[in-house]
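> For reference, the chains in residue letters:
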Amino acid sequence: MGDDVAIVGIGIHPFGRHEGVTGLDMAVHATRAALADAGIAWSDIGFAAGGSDSAGNADTTVAQLGLTGVPFINVKNGCATGGSALTTAHAMLVAESADLALVVGFDKHPRGAFDPRPEDWGIGGWYGETGLMLTTQFFGMKIQRYLAEHDIDASVLSKVAAKAFRNGSLNPSAWRRTPLSEEQIAGSTMINHPLTQFMFCSPGEGAVALVLARGDRARALRADPIYLRSVAFKTRRFGTFEVFSPSIPVESAPPPTAEAARAAFEEAGIEPSDVDVAQLQDTEAGAELMHLAETGLCAHGDQEGLIREGATEIGGSIPVNTDGGCIANGEPIGASGLRQVHEVVLQLRGAAGGRQVPGSPKVGFTHVYGAPGVSACTVLTR
Amino acid sequence: MTETTTGMRPIADGLFELVEGEPVLVGSRCASCGTVAFPFQQSCPRCTSEDVERHLLARSGTLWTWTTQGFRPKSPPYTGPEDFAPYGVGYVELGGEIRVEGVLTEADPERLAIGMPMRLVSLTVPVADGELRATYAFAPVGDEA
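These protein sequence lines map, in sequence, to chains A and B.
For what it's worth, the working numbering labels the leading residue of the first sequence as 71, then goes sequentially.
For what it's worth, the working numbering labels the leading residue of the second sequence as 19, then goes sequentially.
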């Protein structure tokens, strides 16, 4: 049943900063591009889901796309917004509630770090007043512990970020398209030790849309549908280390990333070792390194060797974040998860241009992670 | 930020209390499975039992992980001084039963290391209306600054 749903259309509004263009405008742009790529009209869509974190309601786009009466579910689920919309659309197609579905994710954030309110996350105001309400601190502390536990040298973090900018320079839709040297990255302002400014992504803007079809319909629409073999979405269990935690237990449990990845691989009947191209949440360079192992793509502690030998480069054995990831594309929360799927579809179609993974990749994997401990993963195949 | 021990109104009710002039964090302990949580919560995050009791946490422990905060967080929610100085943040494992996050009195990466002994202190910090409040922080043991 794994080939029941396929992606037959993709569309993107370039990421970055777009003065005078609203998030909803970008969502409409991406949706029209995805419909054109699929060769269908908006009126063909039987179900839609989508959302943003801070740029409005996705279903508002029908005012521009057409008032067709389509059931359109708005999703607002942090970094898992795109994954949640995709999960919903996938389930609706598997349930035969529709033949064609549209998924859209978009966002437009102000400059600078995110400034969430502690009260919205079930924490007292004191947490924010005293300067603890920052996602970036969590990433600094998680990688600090991880590097020590697995005896990994922090200098590898600059290598991860340099790859992101290098890949971004090959991606016309990316925000940061200028390669940076490892020295420039390591020498930039220290944000949250051991993470420097250029190791982090920045909140940004962008939109991505996907057209999904049931398998029979997909094959009628195009010769190269990309099958969505699984999509899995998990929240945290007791014992994991997550963003915005005034305390954590001594007892430990697998992180939501590990659980979502395992569920996605099991549902797809595909092993992590089969993956030819992967997009991993790289809120900062350490996240990509940790998520490589949490998703099962390598063993804990093996990352430093793999990264130093070039395994995660476009021409390596397990190319990661071939479009430059969050570091080069920025983080429009609602759009990032679908950007990863967009990139994998391009790679599996063999249409990724200057950043195409060689050897006709067959299996792709995507992963997002976010506050307060959510993860969504997909497995895609030709 | 100035370290203080007495006389200052706490930044939040129920977060910590003073015992013989020294701050002690107030958590909860599950009567069913023994799990300790902080801040105090009405049900157990592990087994969901609502039979929880107030539990004072150990006053010292070891640094489990740490980072530094290199830029001034946005206000709101941050109410610290406009004249920003980087500060340390970490999780300290207390009594082998919980790891608590807090501001560190040390911000120099050269003087912070996983596993180093830490103790609970109180700090005076500004809040939104410019008034001062007492909060908790962790200081390296032997560092009386």
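Simulated from the structure, these hints should not be mistaken for lab results.
Fair warning: there could be bad hints in the mix.
What the hints assert, rightly or not - Straight-line distance between alpha carbons at most 30 Å, and here's what the computed DSS-like set of lysine-lysine pairs gives:
| no. | chain 1 | residue 1 | chain 2 | residue 2 |
| --- | --- | --- | --- | --- |
| 1 | A | Lys432 | B | Lys92 |
| 2 | A | Lys146 | B | Lys92 |
| 3 | A | Lys146 | A | Lys212 |
| 4 | A | Lys432 | A | Lys229 |
| 5 | A | Lys229 | A | Lys212 |
Quick caveat, the model's predicted, so the values are computed rather than measured.
> Which numbered hints does this structure break?
1
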